[in-house]
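Asker: Chains as they are written, first to last, in this note's numbering: chain A, 16 to 127; chain B, 1275 to 1710.
Keep in mind the hints are simulated off the structure, nothing from the lab. No experiment lies behind these values; they were computed from the predicted model shown. Where a beta carbon is used, it is the ideal one built from N, C-alpha and C, also for glycine. You may find that some hints are simply not true.
[To be verified] Keeping only pairs whose Cα atoms sit at most 27 Å apart, straight-line, the calculated BS3-like set for lysine-lysine is:
{"#": "1", "chain 1": "A", "residue 1": "K99", "chain 2": "A", "residue 2": "K114"}
{"#": "2", "chain 1": "B", "residue 1": "K1516", "chain 2": "A", "residue 2": "K99"}
{"#": "3", "chain 1": "B", "residue 1": "K1651", "chain 2": "A", "residue 2": "K119"}
{"#": "4", "chain 1": "A", "residue 1": "K67", "chain 2": "B", "residue 2": "K1617"}
{"#": "5", "chain 1": "A", "residue 1": "K114", "chain 2": "B", "residue 2": "K1383"}
{"#": "6", "chain 1": "B", "residue 1": "K1383", "chain 2": "A", "residue 2": "K99"}
{"#": "7", "chain 1": "A", "residue 1": "K87", "chain 2": "B", "residue 2": "K1647"}
{"#": "8", "chain 1": "A", "residue 1": "K82", "chain 2": "B", "residue 2": "K1517"}
{"#": "9", "chain 1": "A", "residue 1": "K82", "chain 2": "B", "residue 2": "K1312"}
{"#": "10", "chain 1": "B", "residue 1": "K1516", "chain 2": "A", "residue 2": "K114"}
{"#": "11", "chain 1": "B", "residue 1": "K1514", "chain 2": "B", "residue 2": "K1385"}
{"#": "12", "chain 1": "A", "residue 1": "K124", "chain 2": "B", "residue 2": "K1651"}
{"#": "13", "chain 1": "B", "residue 1": "K1647", "chain 2": "A", "residue 2": "K119"}
{"#": "14", "chain 1": "A", "residue 1": "K99", "chain 2": "B", "residue 2": "K1454"}
{"#": "15", "chain 1": "B", "residue 1": "K1517", "chain 2": "A", "residue 2": "K99"}
{"#": "16", "chain 1": "B", "residue 1": "K1305", "chain 2": "B", "residue 2": "K1383"}
{"#": "17", "chain 1": "B", "residue 1": "K1651", "chain 2": "B", "residue 2": "K1322"}
{"#": "18", "chain 1": "B", "residue 1": "K1516", "chain 2": "A", "residue 2": "K82"}
{"#": "19", "chain 1": "A", "residue 1": "K119", "chain 2": "B", "residue 2": "K1312"}
{"#": "20", "chain 1": "A", "residue 1": "K82", "chain 2": "B", "residue 2": "K1701"}
[As the list claims (entries may be wrong)] Covered stretches of chain A (chain B as the covering partner; in silico rule of three or more C-beta atoms under 8 Å from a C-beta of chain B):
{"#": "21", "segment": "59–73"}
{"#": "22", "segment": "102–113"}
For reference, the chains in residue letters:
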Amino acid sequence: MIMKRRSFLKACGVMAGYAVLTVNVASEAFAAAMSFVALRQKSVYAADANPKIYTYRKSQDNPMIVKIYNHKDGFLHDGPCGHKSHELLHTHYIDRSAKLAALKAKGYKLSI
Amino acid sequence: MVPADLSAIHPQAEGSMRLVEGVMSRNYAPKDGTDPDKITFVQVDADKCEACGACEEFCATGAIQSINDDGIHQVVDPAACMNCGQCLVNCPYGAIYEGVSFVDELFAKLKDPDTVVVSMPAPSVRYGLGECFGASTGTYVGGKMHAALRKLGFDYIWDTEYAADLTIMEEGTELIQRVKEQGQKDARPLPQFTSCCPGWIKFTETFYPDLMPNLSSCKSPIGMLGPLAKTYGAEETDTKPKKIYTVSIMPCIAKKYEGIRPELNDSGFSDIDATINTRELAYMIKAAGIDFNSLPDQDPDPVLGESTGAATIFGNSGGVMEAALRLAYEVLSGEKLNNPDIKVVRTHEGINTADVNVPNFGVVKVAVASGLKNAAKLCDEVRAGKSPYHFIEIMTCPGGCVNGGGQPLDPEIQASLFRSTVAQINKRFRARKIKA
Chain A
16 MIMKRRSFLK
26 ACGVMAGYAV
36 LTVNVASEAF
46 AAAMSFVALR
56 QKSVYAADAN
66 PKIYTYRKSQ
76 DNPMIVKIYN
86 HKDGFLHDGP
96 CGHKSHELLH
106 THYIDRSAKL
116 AALKAKGYKL
126 SI
Chain B
1275 MVPADLSAIH
1285 PQAEGSMRLV
1295 EGVMSRNYAP
1305 KDGTDPDKIT
1315 FVQVDADKCE
1325 ACGACEEFCA
1335 TGAIQSINDD
1345 GIHQVVDPAA
1355 CMNCGQCLVN
1365 CPYGAIYEGV
1375 SFVDELFAKL
1385 KDPDTVVVSM
1395 PAPSVRYGLG
1405 ECFGASTGTY
1415 VGGKMHAALR
1425 KLGFDYIWDT
1435 EYAADLTIME
1445 EGTELIQRVK
1455 EQGQKDARPL
1465 PQFTSCCPGW
1475 IKFTETFYPD
1485 LMPNLSSCKS
1495 PIGMLGPLAK
1505 TYGAEETDTK
1515 PKKIYTVSIM
1525 PCIAKKYEGI
1535 RPELNDSGFS
1545 DIDATINTRE
1555 LAYMIKAAGI
1565 DFNSLPDQDP
1575 DPVLGESTGA
1585 ATIFGNSGGV
1595 MEAALRLAYE
1605 VLSGEKLNNP
1615 DIKVVRTHEG
1625 INTADVNVPN
1635 FGVVKVAVAS
1645 GLKNAAKLCD
1655 EVRAGKSPYH
1665 FIEIMTCPGG
1675 CVNGGGQPLD
1685 PEIQASLFRS
1695 TVAQINKRFR
1705 ARKIKA
């Protein structure tokens, strides 16, 4: 194939462009993902600060929170971390490390 | 609002696969009593895996790894997987699927007139859902989300954000108690870790069980709203608790694991009956033929619906910390916090630490970690007894729940595939040139 000087230069330009633009593609992709997350984060803080969306900005000011903890007749009248709270809203955790040890004993290598 | 007609929607066979907002998902709703550790919530379709290894890079535990000489990846065992789905949302080939989906079961419950279906959407859902209907990244669609849930036929539009406010009351109070009891016999240890994030909880239970006493005993917001719906909510609305079917709507895959934890039954029933994520909610809205963009903005139902800005920031890394400090500051100092913005704890990536001066009390030392690799660093510090902090917030997904494994996909990731393919070709071209 005979290539004219002009098309040769154009091809060189395109290749050089790709070579320059695609340096560190992995880190570029990561940065793009974070800007995507940043947009969502920004929107969250904007809603928090927007009185048209949220009248109150502190949990203790939520009228329904005040209602549920009301000392007289609230459902959780003994207050945060009270008896009823412990029954319904608190939990315990389960040691799952044996399953991990079994996995490692089988020869699996994990990164932690 | 008249609910949409769901009569044309029929369940698919259990185990069948379908595409949900760009992610393959297996129609499987685990029955009560199934051991969550034996369920694969996230797995690689070996036929679609191109052995690029992106998933492995985003996995903090190494649960997803190459299983043969071709470099095909798999989640090797559910015990090592925290179900966060960061591999799934970062796979450029769409090769990773979800193993659990309650969508068909939920449609059946919505159609059943005898079941009282309760919606419980997490904060972040309202910052992602709109993207499935053409809105730009991060658009807030809370009002439309509530309207869509009503239109789908949910009987009570309750909101996990309300429970986020409740979590602050409980977890903030617990922190203040822990600080005060230091030096006493049987004092609970500091730092206190947040307990909202289900990937992080399983991570502690699996890799750092010795730090379980540092975890706040508070359930996550959804863990609180489930039992409240079937007790307090049932009382307030005069509903029989056994008729109530609670639906956790999350930006998350690990919440599906949390939802079937057998110990979460404090209402006398299974506290959380079903868990779906943002993508699945969008799928259901589309399947029901609802025109999302033309919906009016609506409020949630009272009692378990109202929420504050402190609740909505739970979706961001550093948000639980900021919300907790808005309470702790006022309780510890006895003064009003005039500006609720505590920007120093807002975290985009990595580890963020801050000293917060509280009048009449002193310095509260806090740390926020985004991503489990960063969490492990803070855990090692606590294990070595060198952690100076009072309170540590951990989120499994970098940036927080807004970037959860159940959120709409970032279109850039699959688009970046084109650019990386070009890069690979260039690399080979250059390598050849050097050899020659």
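Asker: Each of the hints needs a verdict: does it hold here or not?
Answerer: Status of the hints after comparison with the structure:
1. For the suggested pair K99 of chain A and K114 of chain A, the alpha carbons sit about 34 Å apart, so the restraint of at most 27 Å is broken.
2. Using a Cα cut-off of 27 Å, the hinted pair K1516 of chain B and K99 of chain A holds, with the two alpha carbons roughly 20 Å apart.
3. The suggested pairing of K1651 of chain B with K119 of chain A holds, with an alpha-carbon distance near 21 Å, which does not exceed 27 Å.
4. At most 27 Å may separate the alpha-carbon atoms for a hinted pair to count; K67 of chain A and K1617 of chain B meet this at roughly 21 Å.
5. Proximity of K114 of chain A to K1383 of chain B is assessed by CA-CA distance (about 35 Å); at most 27 Å being required, the pair is judged violated.
6. About 30 Å separates the Cα atoms of K1383 of chain B and K99 of chain A, which puts this hinted pair outside 27 Å; it is violated.
7. Taken as a hint, the K87 of chain A and K1647 of chain B pair is broken in the structure, with Cα atoms around 46 Å apart against an allowance of 27 Å.
8. Proximity of K82 of chain A to K1517 of chain B is assessed by CA-CA distance (about 25 Å); at most 27 Å being required, the pair is judged to hold.
9. The suggested pairing of K82 of chain A with K1312 of chain B is violated, with an alpha-carbon distance near 41 Å, which exceeds 27 Å.
10. For the hint linking K1516 of chain B to K114 of chain A, the alpha-carbon distance of about 34 Å lies beyond 27 Å, and the restraint is violated.
11. Of the pairs offered as hints, the one joining K1514 of chain B and K1385 of chain B holds, with about 18 Å between alpha carbons and a cut-off of 27 Å not exceeded.
12. With a C-alpha separation of about 19 Å, the suggested pairing of K124 of chain A with K1651 of chain B holds against the 27 Å cut-off.
13. Of the pairs offered as hints, the one joining K1647 of chain B and K119 of chain A holds, with about 19 Å between alpha carbons and a cut-off of 27 Å not exceeded.
14. Distance restraint check for K99 of chain A and K1454 of chain B: the Cα-Cα separation of roughly 22 Å lies within the 27 Å cut-off, and the hinted pair is therefore satisfied.
15. For the given pair, K1517 of chain B sits about 23 Å from K99 of chain A by alpha-carbon distance, which is consistent with the 27 Å threshold.
16. In summary, the hint linking K1305 of chain B to K1383 of chain B is supported, as the alpha carbons are separated by about 15 Å, within the 27 Å threshold.
17. Pair hint K1651 of chain B plus K1322 of chain B does not hold up; C-alpha atoms about 34 Å apart against a cutoff of 27 Å.
18. Taking the CA atoms of K1516 of chain B and K82 of chain A, the gap is about 25 Å. The hint holds against a cut of 27 Å.
19. For the hint linking K119 of chain A to K1312 of chain B, the alpha-carbon distance of about 17 Å falls within 27 Å, and the restraint holds.
20. Of the pairs offered as hints, the one joining K82 of chain A and K1701 of chain B is violated, with about 64 Å between alpha carbons and a cut-off of 27 Å exceeded.
21. Restraint check on the segment 59–73 of chain A versus chain B: 12 residues with Cβ-Cβ distances below 8 Å, three needed, restraint holds.
22. Requiring three or more residues with a Cβ within less than 8 Å of a Cβ of chain B, the coverage given for the segment 102–113 of chain A holds, as 11 such residues are present.
When each numbered hint is compared with the structure, violations occur for hints 1, 5, 6, 7, 9, 10, 17, 20.
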